[in-house]
Amino acid sequence: MTATVGATGQGARARAETPMARFAAEFARSRTAMLGLLLMVLVVGSALLAPLIAPQDPYDLAQLDILDGMLAPLAEGGSGATHWLGTDDQGRDMLSGILYGLRTSLLVGVSSTVFGLALGLLVGLSAAYFGGWVDTVIMRIVDIQLSFPAILVALILLALLGKGIDKVIIALTTVQWAYYARTVRGTALVERRKEYIEAATCLALSHGRIVRRHLLPNCLPPLIVVATVQVAHAIALEATLSFLGVGVPVTQPSLGMLIASGYQYMLSGEYWISVFPGIALLVTIVAINLVGDRMRDVLNPRLSR
Amino acid sequence: MNQDQPMKGQQIEAGAPLLRVEGLRTEFETRAGAVRAVDGVDLEIRRGEILGLVGESGSGKSVTGLSLLGLVDPPGRVGGRILFEGEDLARAGERRLRHIRGARIAMIFQDPMMTLNPVLSVETQMVEAVLAHARVTREEARRRSRDALARVGIPSPEERLRAYPHQFSGGMRQRVAIAIALLHAPALIIADEPTTALDVTIQAQILFEVQKLCRETGTALLWITHDLAVVSTLADRIAVMYAGRIVETGSVAEVIDTPRHPYTRGLINSVPSRNRRGQPLAQIPGMTPSLLDLPRGCAFRPRCPRAQEDCQEEPGLFGAGHRWRCFHPEPVPAMGPATEVRA
Amino acid sequence: MSAPILELQGLSKRFASRLDLAERIAKALGARVEEYDVQAVSDVSLAVAEGEVVGLVGESGCGKSTLARMVAGILPPSAGTLRWRGRALAELPAEERRRANLAVQMVFQDPMASLNPRLRIGEIIGEAPRFHGIVGAGEAEDYVAGIMRLVGLDPAYSRRYPHQFSGGQRQRVGIARALAVKPDFLVCDESVAALDVSIQAQIINLFMRLREELRLTYLFISHDLGVVEHISDRTVIMYLGRVVEAAPTPELFAAPNHPYARALLAESPRIDTRKRAFAPIKGEIPSPLAPPPGCTFHPRCPHAMERCRREAPALREIAPGRLSACHLNDVT
Ligand SMILES: Nc1ncnc2c1ncn2[C@@H]1O[C@H](COP(=O)(O)OP(=O)(O)OP(=O)(O)O)[C@@H](O)[C@H]1O
Ligand SMILES: Nc1ncnc2c1ncn2[C@@H]1O[C@H](COP(=O)(O)OP(=O)(O)OP(=O)(O)O)[C@@H](O)[C@H]1O
Ligand code: SF4
Ligand code: SF4
Ligand SMILES: [Mg+2]
Ligand SMILES: [Mg+2]
Numbered sequence: 000m001t002a003t004v005g006a007t008g009q010g011a012r013a014r015a016e017t018p019m020a021r022f023a024a025e026f027a028r029s030r031t032a033m034l035g036l037l038l039m040v041l042v043v044g045s046a047l048l049a050p051l052i053a054p055q056d057p058y059d060l061a062q063l064d065i066l067d068g069m070l071a072p073l074a075e076g077g078s079g080a081t082h083w084l085g086t087d088d089q090g091r092d093m094l095s096g097i098l099y100g101l102r103t104s105l106l107v108g109v110s111s112t113v114f115g116l117a118l119g120l121l122v123g124l125s126a127a128y129f130g131g132w133v134d135t136v137i138m139r140i141v142d143i144q145l146s147f148p149a150i151l152v153a154l155i156l157l158a159l160l161g162k163g164i165d166k167v168i169i170a171l172t173t174v175q176w177a178y179y180a181r182t183v184r185g186t187a188l189v190e191r192r193k194e195y196i197e198a199a200t201c202l203a204l205s206h207g208r209i210v211r212r213h214l215l216p217n218c219l220p221p222l223i224v225v226a227t228v229q230v231a232h233a234i235a236l237e238a239t240l241s242f243l244g245v246g247v248p249v250t251q252p253s254l255g256m257l258i259a260s261g262y263q264y265m266l267s268g269e270y271w272i273s274v275f276p277g278i279a280l281l282v283t284i285v286a287i288n289l290v291g292d293r294m295r296d297v298l299n300p301r302l303s304r
Numbered sequence: 000m001n002q003d004q005p006m007k008g009q010q011i012e013a014g015a016p017l018l019r020v021e022g023l024r025t026e027f028e029t030r031a032g033a034v035r036a037v038d039g040v041d042l043e044i045r046r047g048e049i050l051g052l053v054g055e056s057g058s059g060k061s062v063t064g065l066s067l068l069g070l071v072d073p074p075g076r077v078g079g080r081i082l083f084e085g086e087d088l089a090r091a092g093e094r095r096l097r098h099i100r101g102a103r104i105a106m107i108f109q110d111p112m113m114t115l116n117p118v119l120s121v122e123t124q125m126v127e128a129v130l131a132h133a134r135v136t137r138e139e140a141r142r143r144s145r146d147a148l149a150r151v152g153i154p155s156p157e158e159r160l161r162a163y164p165h166q167f168s169g170g171m172r173q174r175v176a177i178a179i180a181l182l183h184a185p186a187l188i189i190a191d192e193p194t195t196a197l198d199v200t201i202q203a204q205i206l207f208e209v210q211k212l213c214r215e216t217g218t219a220l221l222w223i224t225h226d227l228a229v230v231s232t233l234a235d236r237i238a239v240m241y242a243g244r245i246v247e248t249g250s251v252a253e254v255i256d257t258p259r260h261p262y263t264r265g266l267i268n269s270v271p272s273r274n275r276r277g278q279p280l281a282q283i284p285g286m287t288p289s290l291l292d293l294p295r296g297c298a299f300r301p302r303c304p305r306a307q308e309d310c311q312e313e314p315g316l317f318g319a320g321h322r323w324r325c326f327h328p329e330p331v332p333a334m335g336p337a338t339e340v341r342a
Numbered sequence: 000m001s002a003p004i005l006e007l008q009g010l011s012k013r014f015a016s017r018l019d020l021a022e023r024i025a026k027a028l029g030a031r032v033e034e035y036d037v038q039a040v041s042d043v044s045l046a047v048a049e050g051e052v053v054g055l056v057g058e059s060g061c062g063k064s065t066l067a068r069m070v071a072g073i074l075p076p077s078a079g080t081l082r083w084r085g086r087a088l089a090e091l092p093a094e095e096r097r098r099a100n101l102a103v104q105m106v107f108q109d110p111m112a113s114l115n116p117r118l119r120i121g122e123i124i125g126e127a128p129r130f131h132g133i134v135g136a137g138e139a140e141d142y143v144a145g146i147m148r149l150v151g152l153d154p155a156y157s158r159r160y161p162h163q164f165s166g167g168q169r170q171r172v173g174i175a176r177a178l179a180v181k182p183d184f185l186v187c188d189e190s191v192a193a194l195d196v197s198i199q200a201q202i203i204n205l206f207m208r209l210r211e212e213l214r215l216t217y218l219f220i221s222h223d224l225g226v227v228e229h230i231s232d233r234t235v236i237m238y239l240g241r242v243v244e245a246a247p248t249p250e251l252f253a254a255p256n257h258p259y260a261r262a263l264l265a266e267s268p269r270i271d272t273r274k275r276a277f278a279p280i281k282g283e284i285p286s287p288l289a290p291p292p293g294c295t296f297h298p299r300c301p302h303a304m305e306r307c308r309r310e311a312p313a314l315r316e317i318a319p320g321r322l323s324a325c326h327l328n329d330v331t
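Protein chains in written order, with numbering that gives the first Met the number 0: chain E, 0 to 304; chain Y, 0 to 342; chain D, 0 to 331.
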């Protein structure tokens, strides 16, 4: 409260500063977070541009040469191209495999988070807004869901659904929505009691308008933070599932899949097949977490200044 | 219940002041530049004395209180001398400060939950507080806690000791926080707007306890508030703060009845008073200046009705005892207290 | 006096907490959770004349805000009726009820919490009048500018966000938002409590000017008796959910009748008192969860009699225009 006093000095800031601009400036004050953001842009960028920048298309069997199998990093393949990160047992270029794997991992992580978020938002807002038995029933379901380990739920679902990227996304959405529902409900309950919501009620605005224009925008910030970090969780979870052999199909390997397939060669010295995808996975998750943590710090009014 | 009689109570004072602050300066590094929240504050409090620190929001009252206790968060820097019982707290180490904070100086905040932990019973918290600074048995610590609760007017202290903070009303919670502050009979209490959220009957109860304590044990009190009415009823002396500086100090009678600084005058005039019911209140024109962009010379200049050319220079302190930081002070009315003049 | 613009008849509000399943199981296992009822407001009747300023004071938690929210249409009452210009609100057809609701607006305590941090000032003020068709989309900007000037804000600020204002300016925005739907009645719940004395004076002056210019009626809640005395024509004092005294302000402040009113006025610090010795409150401050039987003030009342413990005193007229609820008035 006191911290705002200095900032409201008249004339000092004539330009209308949007909450977004303020957020961005505040975010940029942390070097680690900016590093995280840079890494994240790099990771997402290379995943998106994989078809353009990857030396070969790892899904195109015609391009693979089994004679190039198990080449160590920096070795030169039969076609004369350097395999910077080596090749796997099929002669697949690891760098290309990682770039494409990143695509799959991010696709699964982001889309399951978006779907989970949408579902959680709907359910959580309903629970907070209607209250009463609706709230009780919804929150009981959420509690039950959250009391099972996510990996277990996902394993069971995938065992029932079978393999496929869409199946993995369904399974991950199912394990995630409950987190969002709970977070949304908590924030919405707090926001709903604030005086600006009462003011909107007093101005006889419609319920829909109050929820859309007043309640929802103020519930979003903490949710976006949770979602960012949750993308990292989803990616890690997908990697685990793939590693256990119930995730994405072999034809479209994700990072987890690559790690799993290289695992058997770890002891015989061909470390690169597992380790490089592992590093890519680690960097992705760390970058997302760095950005998410900073967002949480900036958006949390209790920590600001 | 309404006794307007003056009280005796200053006979305890003797010799050197308990706390003497010289040139206190507190700066915060922010994105927009260095904010000097406290800028050369001098204060003096004697044993058993109640000093009221008033001023508008953002003038630096809370930061002053926190600086005295070494509680300013890292980006902030504190300078100057804080002589407490002969020791310079500005130079003291963190361990020493922590000891002094528990045993010799206590702080009461506006929100009692700053002091109380919601998940621990009052008993646990009070006993821990006793044991932190006194070598006594648990039994003895418990007895002291119970007595402290009784002293701040909490009925059936024995049962209340076992309760949790949320089982108390706001006023009672504040009294518990005060009881904790009183545990070690500190030499100085710094109270930052402790009654602002309470209604007048509860406030009166707390003021009663505080007054009694100062009278009986010689505890000195720094009472931070923006409520002039409370301060003029409670305090011995007043210091008025504006933009990080003390602009006027003196006894309550001097400052309230014959204010010399135009800002003090403005504050007093804007309090609703009985004989001007229904008429527009006097207001101080303009806004509180940003600490990042203070006017040159006297910080009050843009809002001051008495400002002249020479106010572009920095005014020093004038007067003795009753002192003010102004080149062109309000005239002292020929007779009667100033509050009656506008009747 | 003209017919009342707003009349409350036996208005009550009860907050009940029911245990949910988990708590019931916990209770069966011996945890100390209880269902509770808070009678926040009980049986309040009050008539407010057009153009009048009614001050409402009372202890923290005595139900002032709850009463204010019922009057402003934010909380539904548990019992009793609200009459707007002589007609019971609950019986009005939907369209008229909406209009009556709009005619009563509220100004809140916390200038920051009462403004949506994600909207610009212009949107905050202009949203409701546009939604209700008070102004068309074309004239909205001019309309907002006019309202902003009325409350002393520079219309050039309309594209700023709440955090870019000082406390006093934010409170002006809150007032502008209320005025934008052309209300007849403003409920001010501690609207100046969070402000500095000097800013407080500006806002109080603004309220008084608006009263003249727009013929507004006010319900003005404050725990600062000096402010209430300054601004209100009539003062109502509440204790534990009930009205215990109501009288024209000068008369009440000159000679309070109810023992609680007397205590309240005696404890109120004033700038012209010096070094007063405070006296402790006698007795326990009761909880609204378990209000004492009979007169709810009896545990603290210096004049409590046997009868006070058994029988609740009724709010009666003790002199023309003066109401008080105390058995002492029967004993003459
Ligand atoms: N940690 C901080 N970083 C930067 N500026 C700060 C910090 N803490 C306080 N300030 C600034 O210092 C100034 C004084 O603040 P302070 O809290 O002492 O005011 P105050 O007089 O106690 O006001 P109030 O009556 O509102 O409590 C303000 O302008 C505030 O913005
Ligand atoms: N939503 C709620 N649920 C349960 N109890 C409530 C609720 N709102 C208020 N109360 C209770 O109702 C009583 C009256 O509260 P109210 O906020 O009206 O008091 P008040 O007179 O405005 O107090 P203050 O001066 O502290 O603002 C209090 O005991 C409070 O705990
Ligand atoms: S020094 Fe000048 S500007 Fe400052 S308060 Fe005095 S008269 Fe006003
Ligand atoms: S009714 Fe009795 S207890 Fe209540 S206020 Fe009157 S005298 Fe006191
Ligand atoms: Mg402060
Ligand atoms: Mg209230």
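Think of the hints as simulated: they come from the structure by calculation, not from any bench.
The structure displayed is predicted, hence computed values, not measured ones.
Every residue gets a Cβ at the ideal spot worked out from N, C-alpha and C, and that includes glycine.
Among the hints, erroneous ones may be present.
Chain D regions said to be covered by chain E (calculated; three or more residues, Cβ under 8 Å) [claimed, not checked]:
#	stretch
1	66-80
2	110-123
3	308-314
Hint check:
no.: 1; hint: 66-80; result: holds (count 4)
no.: 2; hint: 110-123; result: holds (count 9)
no.: 3; hint: 308-314; result: violated (count 0)
In summary, the one numbered hint that this structure violates is 3.
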